[in-house]
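Visitor: Take a look at the letters that make up each chain.
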Amino acid sequence: MGKKRAVGADEPTTTSPLDLKTLIREHSLFFDQLVELIPARFFLPNSSDDKPWFPGLSKSQKKKVKAQTRENILKSRRDRLYPTRPTSTLDLLKKSLDEERDSSSDEEDDEDEAIEEEEEEEEEDEKEAAKAQSVALSTDERPVTYEELRERLRRRIVELSAGRNTRPESRLKQERKKEMKNKKKVKVQTKRNQENNKEKEDASAGNTGKRKRDDGNDENFSKNKKKNNVREPTDITFGQVRIDGKENKKRKKKLSKEKELERAKRLEEVKKDPEKGKKVSWKAAVSKAAGEKVHDDPKLLKQSIKREKKRLEKNKQKWRERKETVAKAKAEKQSKRSENIKERIHQKKMRKIEKREKKLMRPGFEGRKEA
Amino acid sequence: MARWRDRRRQRAVVKTQVAKNKKQPGVDQVTGGKIPKSFVFARGKLPGPLKQLELDLRKLMLPYTALKLKEKKRNNLKDFLNVAGPMGVTHFLMISNPKSIPYLRVARTPQGPTLTFQIKEYALAADIAKSQPKYRCTPELFKNSPLIVLSGFGGGGQHLKLTTIMFQNIFPAIDINSVKLSSCQRIVLLNYNAEERLIDFRHYSIRLQPVGVSKRIRRIVQTHQVPDLRNLQDVSEFLTKAGYGSESEGDDEAATVSLPTDVDRVNKASNKSAVRLQEIGPRLTLRLVKVEEGLCSGNVIFDEFDTSSVYSVEKETDREAAEDSEKETSEDEPADSAED
Numbered sequence: 001m002g003k004k005r006a007v008g009a010d011e012p013t014t015t016s017p018l019d020l021k022t023l024i025r026e027h028s029l030f031f032d033q034l035v036e037l038i039p040a041r042f043f044l045p046n047s048s049d050d051k052p053w054f055p056g057l058s059k060s061q062k063k064k065v066k067a068q069t070r071e072n073i074l075k076s077r078r079d080r081l082y083p084t085r086p087t088s089t090l091d092l093l094k095k096s097l098d099e100e101r102d103s104s105s106d107e108e109d110d111e112d113e114a115i116e117e118e119e120e121e122e123e124e125d126e127k128e129a130a131k132a133q134s135v136a137l138s139t140d141e142r143p144v145t146y147e148e149l150r151e152r153l154r155r156r157i158v159e160l161s162a163g164r165n166t167r168p169e170s171r172l173k174q175e176r177k178k179e180m181k182n183k184k185k186v187k188v189q190t191k192r193n194q195e196n197n198k199e200k201e202d203a204s205a206g207n208t209g210k211r212k213r214d215d216g217n218d219e220n221f222s223k224n225k226k227k228n229n230v231r232e233p234t235d236i237t238f239g240q241v242r243i244d245g246k247e248n249k250k251r252k253k254k255l256s257k258e259k260e261l262e263r264a265k266r267l268e269e270v271k272k273d274p275e276k277g278k279k280v281s282w283k284a285a286v287s288k289a290a291g292e293k294v295h296d297d298p299k300l301l302k303q304s305i306k307r308e309k310k311r312l313e314k315n316k317q318k319w320r321e322r323k324e325t326v327a328k329a330k331a332e333k334q335s336k337r338s339e340n341i342k343e344r345i346h347q348k349k350m351r352k353i354e355k356r357e358k359k360l361m362r363p364g365f366e367g368r369k370e371a
Numbered sequence: 001m002a003r004w005r006d007r008r009r010q011r012a013v014v015k016t017q018v019a020k021n022k023k024q025p026g027v028d029q030v031t032g033g034k035i036p037k038s039f040v041f042a043r044g045k046l047p048g049p050l051k052q053l054e055l056d057l058r059k060l061m062l063p064y065t066a067l068k069l070k071e072k073k074r075n076n077l078k079d080f081l082n083v084a085g086p087m088g089v090t091h092f093l094m095i096s097n098p099k100s101i102p103y104l105r106v107a108r109t110p111q112g113p114t115l116t117f118q119i120k121e122y123a124l125a126a127d128i129a130k131s132q133p134k135y136r137c138t139p140e141l142f143k144n145s146p147l148i149v150l151s152g153f154g155g156g157g158q159h160l161k162l163t164t165i166m167f168q169n170i171f172p173a174i175d176i177n178s179v180k181l182s183s184c185q186r187i188v189l190l191n192y193n194a195e196e197r198l199i200d201f202r203h204y205s206i207r208l209q210p211v212g213v214s215k216r217i218r219r220i221v222q223t224h225q226v227p228d229l230r231n232l233q234d235v236s237e238f239l240t241k242a243g244y245g246s247e248s249e250g251d252d253e254a255a256t257v258s259l260p261t262d263v264d265r266v267n268k269a270s271n272k273s274a275v276r277l278q279e280i281g282p283r284l285t286l287r288l289v290k291v292e293e294g295l296c297s298g299n300v301i302f303d304e305f306d307t308s309s310v311y312s313v314e315k316e317t318d319r320e321a322a323e324d325s326e327k328e329t330s331e332d333e334p335a336d337s338a339e340d
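Read top to bottom, the protein sequences are chains A and B.
If you count by UniProt numbering, then the first sequence holds residues 1 to 371, one letter each, in order.
If you count by UniProt numbering, then the second sequence holds residues 1 to 340, one letter each, in order.
Watch out, some of these pointers could steer you wrong.
[To be verified] If the Cβ cut is set under 10 Å, some of the chain B residues that face chain A in the computed set are: (1) K34; (2) M87; (3) T90; (4) G112; (5) S151; (6) H159; (7) T163; (8) N169; (9) T285; (10) V289; (11) E292.
[Unchecked claim] Okay, the calculated bits of chain B under chain A, using three or more residues with CB under 8 Å as the criterion: (12) 129-140; (13) 219-231.
[Said to hold, decoys possible] Think about it this way: if two alpha-carbon atoms lie no more than 30 Å apart in a straight line, the pair counts; the simulated DSS-like pairs of lysine-lysine are: (14) A:K302 to A:K318; (15) B:K34 to A:K254; (16) B:K34 to A:K259; (17) A:K283 to B:K78; (18) A:K306 to A:K253; (19) A:K359 to A:K349; (20) A:K293 to B:K34; (21) A:K302 to B:K78; (22) A:K293 to B:K78; (23) A:K276 to A:K257; (24) A:K271 to B:K78; (25) A:K299 to B:K290; (26) B:K59 to B:K180; (27) B:K34 to A:K302; (28) B:K272 to B:K34; (29) B:K120 to B:K72; (30) A:K276 to A:K254.
Hint data in this document are derived by calculation from the structure and do not stem from the laboratory.
Cβ coordinates follow ideal geometry from the N, Cα and C atoms, glycine included.
Please work from the sequences and hints to get the whole structure.
Guide: Below you can see the structure in the form of structure tokens.
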């Protein structure tokens with residue numbers, strides 16, 4: 001009681017002994033739980049004889065000790081799975097305390113005994129409760145199965161990502177994008193093409209902006225919906241709008257003119273057929289109205305083929321002429337050059353002859369050697 | 001000889017208005033697409049009101065049209081075509097009056113389809129101006145091309161689709177990202193009435209007015225004129241005097257929008273503004289009568305009436321009567337021949 005009173009002396013005097021008891025109980029529970037968290041081999045004072053020391057032993061001794069360790073392992077595994085045998089830290093602590101008490105019961109005080117007995121009682125009383133509680137808090141000594149670990153990890157990740165804030169820059173960007181989309185939503189005439197989009201795709205209109213419009217403006221329907229609520233116009237089409245400027249148009253394969261001519265001839269024949277011809281002519285008319293070039297008329301195609309041929313011919317002719325003139329000029333120059341060279345040589349020779357003959361050409365000379 | 005004559009003729013055909021300082025761009029700088037240009041002219045002699053209608057239509061198509069196009073009597077379609085090529089004109093709007101029935105033909109220049117509309121009723125811009133107490137039509141309105149809205153055309157039928165595409169391509173496209181809201185000042189509405197198969201054509205000017213601002217304050221901001229506070233005791237009275245708010249405040253719930261950018265001094269970004277349309281320009285009621293494949297030539301791929309003669313104006317019942325009469329005549333003929 002003395003010790004207890006000493007302990008109680010620190011606490012405020014107004015607490016009744018009942019409060020004190022609960023306080024102490026709570027404290028002891030807490031410490032029990034703490035102790036439970038610590039694996040037994042760390043918490044309890046280890047006896048050195050448990051530690052196997054292999055290096056200095058002989059072969060047979062090593063064998064024995066290894067067998068012993070194996071047995072210890074098996075035993076501890078079995079103990080872990082046994083429901084009644086004490087394996088938690090608390091139990092082992094209690095066991096060690098018992099042993100201590102037995103071994104040194106004379107030395108201790110009665111009070112200490114009493115305390116320890118009480119502690120033991122409390123421990124026994126609260127053990128189940130503590131165990132029940134500590135199961136929630138603590139883990140078993142060995143790491144839990146992978147599944148549970150993964151579960152915990154997943155939960156943690158979800159927690160973190162939920163609490164994470166989206167970066168303000170990305171939010172701004174999103175808002176800006178929405179603003180740009182809504183810009184044309186502003187006035188009554190957001191120009192979009194709802195129904196005609198698909199037809200345009202069929203007619204292969206040149207503006208892929210229209211297609212994008214279809215995708216991008218599905219969200220911007222609020223203005224339209226408002227209108228619908230008010231006056232129920234069923235379909236509204238707007239003029240042309242380009243969302244992403246300068247998209248590359250869908251490139252149709254460009255056939256050569258001859259192929260186009262054949263195609264056009266075939267189309268003409270098809271047009272004579274009432275049903276299919278109608279479809280073909282409508283399609284052509286729609287794409288022409290949309291601004292695309294439809295090579296439909298064989299006459300025009302023939303004309304253009306002819307024109308191109310003529311152009312090629314003309315170019316060929318020009319090239320030939322050019323080559324000719326170049327060659328001629330070259331030849332001329334060459335001939336002139338060779339002429340000049342010959343002339344020069346000739347002149348040289350003449351000059352030499354003259355020089356030679358000058359001496360002999362003086363008036364009144366009679367001794368000229370002539371061949 | 002012939003060439004000289006042709007050249008003289010060509011020169012006399014067209015005198016278009018070319019702005020003194022700059023040429024009209026052929027390609028839209030923003031969108032990169034070709035800007036569609038148009039000619040509005042008359043084929044044949046037109047009576048006075050129709051001539052006025054032609055001028056109104058020209059004004060409507062500004063700025064990408066020839067406002068002062070002069071056509072002579074001897075000009076053919078071919079002459080117009082020859083000039084249209086180099087100038088980059090893509091659409092022709094032709095008004096004609098055969099047998100005293102006005103027709104409007106919309107055609108796409110190089111080889112394009114021709115839509116022939118019969119003008120059932122029309123009202124000139126001047127009439128509309130007189131009918132309105134406050135008619136507002138400034139030249140700045142016509143500095144930008146109008147927007148276009150078509151309604152009721154989705155009903156089906158290739159001719160309707162063709163009409164939508166045709167009208168959509170008459171006006172240049174708009175780039176959402178870089179368009180200025182203040183440049184969208186006019187709008188053309190086309191409404192298709194399926195029961196009567198008539199197209200209503202209307203032309204409005206757009207005005208934005210901030211909502212929730214009293215008239216007086218708006219006036220001050222817009223016109224920067226000092227108001228008359230003679231009869232008021234206090235400035236607060238000026239601001240809070242109940243007075244008449246805008247008369248048409250009530251029906252504005254449907255037409256208010258919140259602007260993403262500033263339009264002008266009064267209409268600021270992310271404020272609510274009411275969109276007010278005021279009618280300017282001509283009013284037409286059209287009926288699509290014929291669609292031809294070529295430019296006023298080629299196959300007729302759509303015909304409103306069974307007989308392909310344009311001047312037979314028949315209603316549905318009349319058309320059936322015509323069918324019946326045809327049947328009768330065809331029955332009669334073999335009988336006659338049999339008799340013979």
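Visitor: Give a verdict on every hint.
Guide: Hints, one by one, checked against the model:
{"no.": "1", "hint": "K34", "in the structure": "holds, 7 Å"}
{"no.": "2", "hint": "M87", "in the structure": "violated, 16 Å"}
{"no.": "3", "hint": "T90", "in the structure": "holds, 7 Å"}
{"no.": "4", "hint": "G112", "in the structure": "holds, 5 Å"}
{"no.": "5", "hint": "S151", "in the structure": "holds, 5 Å"}
{"no.": "6", "hint": "H159", "in the structure": "holds, 9 Å"}
{"no.": "7", "hint": "T163", "in the structure": "holds, 9 Å"}
{"no.": "8", "hint": "N169", "in the structure": "holds, 6 Å"}
{"no.": "9", "hint": "T285", "in the structure": "violated, 18 Å"}
{"no.": "10", "hint": "V289", "in the structure": "violated, 16 Å"}
{"no.": "11", "hint": "E292", "in the structure": "holds, 9 Å"}
{"no.": "12", "hint": "129-140", "in the structure": "violated (count 0)"}
{"no.": "13", "hint": "219-231", "in the structure": "violated (count 0)"}
{"no.": "14", "hint": "A:K302 to A:K318", "in the structure": "holds, 24 Å"}
{"no.": "15", "hint": "B:K34 to A:K254", "in the structure": "holds, 20 Å"}
{"no.": "16", "hint": "B:K34 to A:K259", "in the structure": "holds, 28 Å"}
{"no.": "17", "hint": "A:K283 to B:K78", "in the structure": "holds, 26 Å"}
{"no.": "18", "hint": "A:K306 to A:K253", "in the structure": "holds, 22 Å"}
{"no.": "19", "hint": "A:K359 to A:K349", "in the structure": "holds, 16 Å"}
{"no.": "20", "hint": "A:K293 to B:K34", "in the structure": "holds, 13 Å"}
{"no.": "21", "hint": "A:K302 to B:K78", "in the structure": "holds, 21 Å"}
{"no.": "22", "hint": "A:K293 to B:K78", "in the structure": "holds, 20 Å"}
{"no.": "23", "hint": "A:K276 to A:K257", "in the structure": "holds, 24 Å"}
{"no.": "24", "hint": "A:K271 to B:K78", "in the structure": "holds, 26 Å"}
{"no.": "25", "hint": "A:K299 to B:K290", "in the structure": "holds, 24 Å"}
{"no.": "26", "hint": "B:K59 to B:K180", "in the structure": "holds, 22 Å"}
{"no.": "27", "hint": "B:K34 to A:K302", "in the structure": "holds, 27 Å"}
{"no.": "28", "hint": "B:K272 to B:K34", "in the structure": "violated, 35 Å"}
{"no.": "29", "hint": "B:K120 to B:K72", "in the structure": "holds, 27 Å"}
{"no.": "30", "hint": "A:K276 to A:K254", "in the structure": "holds, 24 Å"}
Consistency note: the structure conflicts with the earlier hints numbered 2, 9, 10, 12, 13, 28.
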